[in-house]
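Engineer: Protein chains in written order, with numbering that gives the first Met the number 0: chain A, 0 to 106; chain B, 0 to 300; chain C, 0 to 554.
Read the hints as simulated data drawn from the structure, not as lab findings.
It is possible that some hints are incorrect.
A few chain C residues that face chain A, going by a derived Cβ cut-off under 10 angstroms, partial list only [as the list claims (entries may be wrong)]: (1) Met-49; (2) Gly-51; (3) Ile-214; (4) Val-311; (5) Gly-313; (6) Val-316; (7) Ala-318.
All C-beta atoms in this analysis are idealised placements derived from N, C-alpha and C, irrespective of residue type, glycine included.
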Amino acid sequence: MSDNHEQHDHMNIPKYVGVFLVLVVGTILTYYAALVDMDSIFPGANTLVALLIAFTKMAVVMLFFMHVYWSKRLIWLSAIGSFFWLAIMFAFTLQDYLTRSEGVFGR
Amino acid sequence: MSAHSATDKFVYHEPGLQHQFEDMGQQEESVTIGMWMFLVQEILFFGGLFTAYLVFRYRYPMAFAAGSNHLDAFWGGLNTLVLIVSSLTMALTVYFAQKGNRSMQVILILLTMFFGSVFLGVKAVEYTDKYNHGLIPVTGWNKKTPAAEPGAHSAHSAKPCYEVEHGGEHTYVNPHGDFLWTDCSLVKTAMDGNFLTSAEKAGYFDQAFAPGAEISADKFRDKVRIFFFLYFVMTGLHALHMIVGLGLMTWLLWTAFKGYYSAEYYMPVEMSGLYWHFVDIVWIFLFPLLYLLGRHFLHTH
Amino acid sequence: MQASDAISTGYGSAKGNYLTNGSTLASWLLTKDHKRIAIMYLVTVSMFFMMGGLYAAAIRLELLTPASDLLETGTYNRVFTQHGILMIFFFLIPSIPAILGNFMLPLMIGAKDLAMPRINLLSLYIYWAGGLLTLYALMQGGVDTGWTFYTPYSTTFSNSYVMAVGLGIFINGFSSILTGLNFIVTIHTMRAPGMTWFRLPLFVWAHYATSLVMILGTPVIAITVLLVAIERTVKVGIFDPAIGGDPILFQHLFWFYSHPAVYIMILPGMGVVSELISNFSRKKIFGYEFIAFSSIAIAVFGFLVWGHHMFVSGQSVYAGLVFSFLTMVVAVPSAIKMFNWTATLYKGSITFDTPMLYAFGFMGLFLIGGLTGLFLGSVGLTVHLTDTYFVVAHFHYVMVGGQVIAYLGGIHYWWPKMTGRMYSEFWGKISAMLVFVGFNLTFFPQFILGYQGMPRRYAAYPEELQVLNIFSTAGASVLGVGLVMPVVYLTHSLVFGAKAADNPWMLPGLEWRTSSPPPTENFDVMPVVTWEAYEFGEENGLDLEAARRSDVVTA
Ligand SMILES: [Cu+2]
């Protein structure tokens, strides 16, 4: 409860700048990755790479800028939980669209 | 969690402590959980839009790639960097608030506000550009230019839509401020490479799809318009959150300037920081999804 | 009444209560007291309930005869739409959480207030704003899309006030989000010393689960309604198939919220019933942990089944199968609750006070409502039953037979605490029984009507279906009388009712250990909890004999 005061000794200015640099590198990387045709490796590879970079950037912002790394389990849970619920929304919507023409009974 | 003892009720009240709480620790924990619940709510709020994006991009990848290629990745990338810088200054604001450093707080809040405004300025430039090129999806909301000469309008649409040369300067003719889209060269490429999805085969053509079939410029335009609709709704809602964030920063600037915050009491700074970082995270996803995906088609085909 | 002195653990105040603490309009409108906010919710929610009830009466009167004579079909569309919108968004969703939850949750966990009193007041104002906008739209001529706002009818074709009502619901959604947010924070941080998670009354667990659904689901309906509003305004969007959009996507987004929303409506009701069953059996609830975690399970699994509203919409067969299977799964936690309640009753010393009558009503009606839900959740059968009166009967059994009955039970149960007055137990029992009988007479025939193929949302129907419709309308009149009676005798009790003791039912819960009505800060001394939930017995200073005696007095 009152341990909020101690947690901030974990970050200092060089570390904040380090996180910032990771984000800048990620941005540049995602731009150039988008120009390369990775879909020829397997379909959707470009999308996957873009999302992986975005997720990494998000994770860094949440963990260090938003201090989730040093927060209570409840904060971890709400951060992860909200994305889990997004995943539910995406997955259960897509399970309809992805199986429209070739459902288990075929067409 | 509720470890506060039964006896400390009437001991004394610290500054900034609200009446329903027993001590600062309880208040800080409540505010933090409350803020995170608010952010969870925000994530699901944007989530509806991301679901819509997902569904339509899955169905009409070429239309979305065409739209993405038409956005200016330079401005989008610049804005990403601008937001990241503002996130850094915001994180440092919280850092200096914890140290009780008032002048650094004020300076960093000002910097955060500056970069936030730059972001919105760039957004305005981009929106204006879309207005000038007939890319706002709503009829009548684009720049209106009367037909230069009779017949120019019809000549415009007589050509198959996939025969558009890139870089060529074509005149902007848009008497009603319609959504204009004449370039479906990507579909042609995809059709030749035989990788149109079944939804695209049904969605881009007037007749049943067959190799070499004529693309319907109107039907394709509708799908690209959905991309731009989502682009405007998503970035618009994000910009709205930026404006709210700037309002929050203004209030924070005033209170920090007045010296309300100390190493003991800085919750408002930290909570505003959480909000600001959240808005940054939304953009971290919007940038690749709207500006970048599908860009490789242009560079390789 | 004097029996309450048997409890020596009173934390109540002799100095006055929350009702006497200020009598100006400002002292109400600017209050941060969760109890006053709850009372203001009670007044407004009741008004919306009565309006929704009037629309229901109009529907039943129209359906008395096969022809569309009382209401012309267009008007009928508006009437059933507005009945649905008022009842769902402005009554069912806020009723138990915003009134009973708001009032009781801090008392039950031993807090001075909710964690965020100003946010609580804000949520009330947002509710009022959304309600006013909706009322304005209804005055202007209303809306005819059905409460589901299916596209493209709502975005493109309907000529009614979709925008205003949609925005009213959009605004109102944030009231619900803020209430949920407030509850979660409160339950996490405001519990009194000794009030551990597994000593929380099950009403509190139910509200925790409800709040999760509010926070995770409501924003999605907000953005969906916003998209509909944008599409309607600018004539471009993503839901109209004529311009490349997808109406099924709207249904996915809509039901992502609106199926879990039925749990926003029913979970708090289940919480109330858990309280009533245990307390009026004077027996520790059976399977506390199972009931607590089944609430959370319902909140989670409730998000995985929305496609059962879309079996015939063009959704893929595969998705239909998955959603159908998960719908069966989500019935399990509800069944767990039913079994545990029944086990609690076993060998309990049951008293049949009005709240308990409602609890019994709930168990019977919710059982029917829940089981018919399984009929509708099976892909094959649903093809026959979709959009018939079978569906209407099913969800009224859950929503009215479940939620409204639980709400009434809760109101009666806590009325002495909220107002400091006893209502008339005689009239209470009469009305509880009228509601039960009237309700069954109204809605049971509708199962048969639906099975025979009578579609919902039509003003006219074939003549051979008239008999059952007459039954239904007759039942509705009885139900109406049963619902109006509490308004009369509860209001009457405010002035003429006997003064309520601090603990009129002789119960161990924390809310009964302060005065009736409670003081503004709920407890004069911070309470320390040393007992488990629903612990009856001498060690709690609770005298079962005295309790029985007082039951005799109140009856
Ligand atoms: Cu459902």
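Engineer: Restraint: C/Val-316 near chain A, CB-CB cut 10 angstroms. Satisfied or not?
Structural biologist: Since the shortest Cβ distance to chain A is 4 angstroms, the answer is holds.
Engineer: Going by Cβ atoms only, is C/Val-311 closer than 10 angstroms to chain A?
Structural biologist: At 13 angstroms from the nearest chain A Cβ, C/Val-311 fails the 10 angstroms test, so the hint is violated.
Engineer: Holds or violated: is the Cβ of C/Met-49 closer than 10 angstroms to a Cβ in chain A?
Structural biologist: violated, 36 angstroms
Engineer: Against chain A, run the beta carbon of C/Ile-214 and see if the smallest gap drops under 10 angstroms.
Structural biologist: holds, 9 angstroms
Engineer: The hint names C/Gly-51 as touching chain A; please verify it with the least Cβ-Cβ distance against 10 angstroms.
Structural biologist: Check failed: Cβ of C/Gly-51 comes no nearer than 30 angstroms to chain A, outside 10 angstroms.
Engineer: Less than 10 angstroms between beta-carbons is the criterion; does C/Ala-318 satisfy it with respect to chain A?
Structural biologist: holds, 4 angstroms
Engineer: Can C/Gly-313 be said to touch chain A, with a Cβ gap under 10 angstroms?
Structural biologist: Where the cut-off is 10 angstroms and the nearest Cβ of chain A is about 8 angstroms from C/Gly-313, the hint holds.
Figure legend: structure checked against the earlier numbered hints; hints not met, in rising order: 1, 2, 4.
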